[in-house]
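Asker: Residue numbers (full-length UniProt numbering), protein chains in the order written: chain S, 1 to 313; chain D, 1 to 329.
Careful: at least some of the hints might be erroneous.
[Stated by the list, open to error] Taking beta-carbon pairs under 10 Å as the criterion, some of the chain S residues facing chain D (in silico): (1) Ser25; (2) Ala216; (3) Ala218; (4) Lys219; (5) Gly222; (6) Asn234; (7) Pro309.
Rather than coming from a laboratory, the hints here were simulated on the basis of the structure. Glycine is no exception: its CB is placed at the ideal position from the N, C-alpha and C atoms.
This is what each chain is made of:
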Amino acid sequence: MVSYILRRILSTLPVMGIVALFVFSLLYIAPGDPAAVIAGDQASPADVERIRQGLGLDRPFLVQFGTWLWHILHGDLGTSIFTNLPVSAMIAQRIEPTFSLMAITLVLTILVAVPLGVAAAWKAGSWVDRTIMAFAVFAFSLPVFVVGYVLAYVFALQFEWLPVQGYTPLAAGIWPWLQNLILPALALGSVYIALIARITRASMLEVLQQDYVRTARAKGLGQRNILFVHALKNAAVPIVTVIGIGIALLIGGAVVTESVFAIPGLGRLTIDAILRRDYPVIQGIVLLFSFLYVLVNLMVDVTYTLVDPRIRY
Amino acid sequence: MALLEVDNLQTHFRTPEGINRAVDGVSFHVDEGETLAIVGESGCGKSVTSMSLMRLIAEPPGRIAGSIRFQGKELLQLSEREMRAIRGNDISMIFQEPMTSLNPVLTVGRQIGETLRMHQGLDKQGAEARAIEMLTLVGIPEPVRRVREYPHQLSGGMRQRVMIAMALACNPKLLIADEPTTALDVTIQAQILQLMLGLKRRVGAAIVLITHDLGVVAEIAERVMVMYAGRKVEEAPVTELFRSPRHPYTQGLLGAVPKLGSSLTGAARRLAEIPGQVPSLKGRIEGCVFAGRCSLATDLCRQVAPGLEEKGPRHIAACHYARKEAAAA
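All chains, full assembly: derive it from the sequences and hints.
Answerer: Written out as structure tokens, the structure reads:
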């Protein structure tokens, strides 16, 4: 098992290298000249050229890439063109709200979606099933920001149960922290809940036809045990896959959600950096999320071996 | 008193094309410690009968009517919770497909142990110890290692042994075995049958054996019930049935079994076969269910369903002409 995980980590290295190359190429592919942006509107061509040399933008592509990669491997993501602060420090400052939002969304989604999918499969064809699936289609077709504004209007403005927007650090206590995250997590998770509920239902429907489910019933096991232990564990592989893929959805959705709920996270930082053409910051964030995604995929693969002993490692 | 008394069992399924009468008015009993075989072609209602005994038929679309009394208790009137306490504990079941009847993602020990934990209130260690004991009993080598293994690590014969261990773990009064050896190699079949018989004597369980394999019937059954198109057509002690089958369908079944050396006696004869197919069970069948395929059938057979009549000692059959036929043979 340990050797499997090590091998998998090693195999992600080439992927990360290619990702790094792409991220670095952003600077060349994207329109606009960073040196000109930094220099400002009043700068003379000589000023721009000086800044270009200062940043090393005049050197050959591969040399620039090598230097950049070398720094990253030493934990140096560069310096923001706009604020002059180290990129790693800027990311560190914004990482907690975003990761909190993603974690809560993920937990909430799984806790809601999987039982819904199991219930729909168990009662397939009944009104329970039809209601859950109708909800899934509905949730699937609404964009994040619409759900976000509706939730904020109903639960924050009308009922005043939860704050409208903002973020409280975890250090201030779990409840204040959670309070600010429930609505954004629901908004961000609604599409995701619909998706996972549908996959869970489909996967469970197939498993419930299997002979071993009949065996479990013949043994006198209770319905809950049959559904959540005997069947769900067999149905888990596609569900885990979709949960993994969904984390990519979350990254994109987090940017929008943070804007709707005024959460000072990485999403806001990304938008600001893009608007300012602050390339080092953009690169740092994209690299971080790519790394996160590769890590999630690794976790998904390891989870497969935990739920299904037939999958070899 | 009989251990199991089934009276006028009717298991019908609602389908878009009408009601499917998979089991239509079957009555039989099983005494304590007895082995009853239920035989018949595919689709004659054997498996549905066995599933009905455990109330494992999905309702709807299925519907079970009649009476199933187990140790004097009417199973059809029990709540689902009371029924669960009986399944796997007093009545347990072995299925045809050992390759797919075990859960692939749970260890063998867990699957044997969970019935014990649930019905006998054993703790985790106790259940595992008993699971190892059961694996030893069904002849699985290295039970201490095997108990932690998954079904895919075992061969088909081993898996059927695990199924048997699982079914017998709680010392049931009645074991229902639905084609337990059909999916196995011939060499393994005999071993599994011997194992079932040995363990049955040990725990004193009665067996209802569902099969279409008359060789298996001859080997282990004491009494045989022949089913056709959802009805019982004949029932007799095993030697009596093989010696003088009364119902034309039973005679046909026995005639379709190849006999060793028959082709050496000169003319290589074609095996006798029963022409035609099992009739559709959608819609009520008038007259004898076998009339459409029976060479002796007359207008009487096509109009009036024969009742089950005493044709010999403890021997009953549902045929208007059975006695005459037996005398002629």
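Asker: Indicate, hint by hint, whether the structure satisfies it.
Answerer: Here is how each hint holds up against the structure:
1. Ser25: violated, 44 Å
2. Ala216: holds, 7 Å
3. Ala218: Cβ of S/Ala218 sits 4 Å from chain D, so the hint holds.
4. Lys219: Given a least distance of 4 Å, the restraint on S/Lys219 holds.
5. Gly222: Holds: closest Cβ of chain D sits about 7 Å from S/Gly222, inside 10 Å.
6. Asn234: With a minimum Cβ separation of about 6 Å from chain D (threshold 10 Å), the hint on S/Asn234 holds.
7. Pro309: Holds: closest Cβ of chain D sits about 4 Å from S/Pro309, inside 10 Å.
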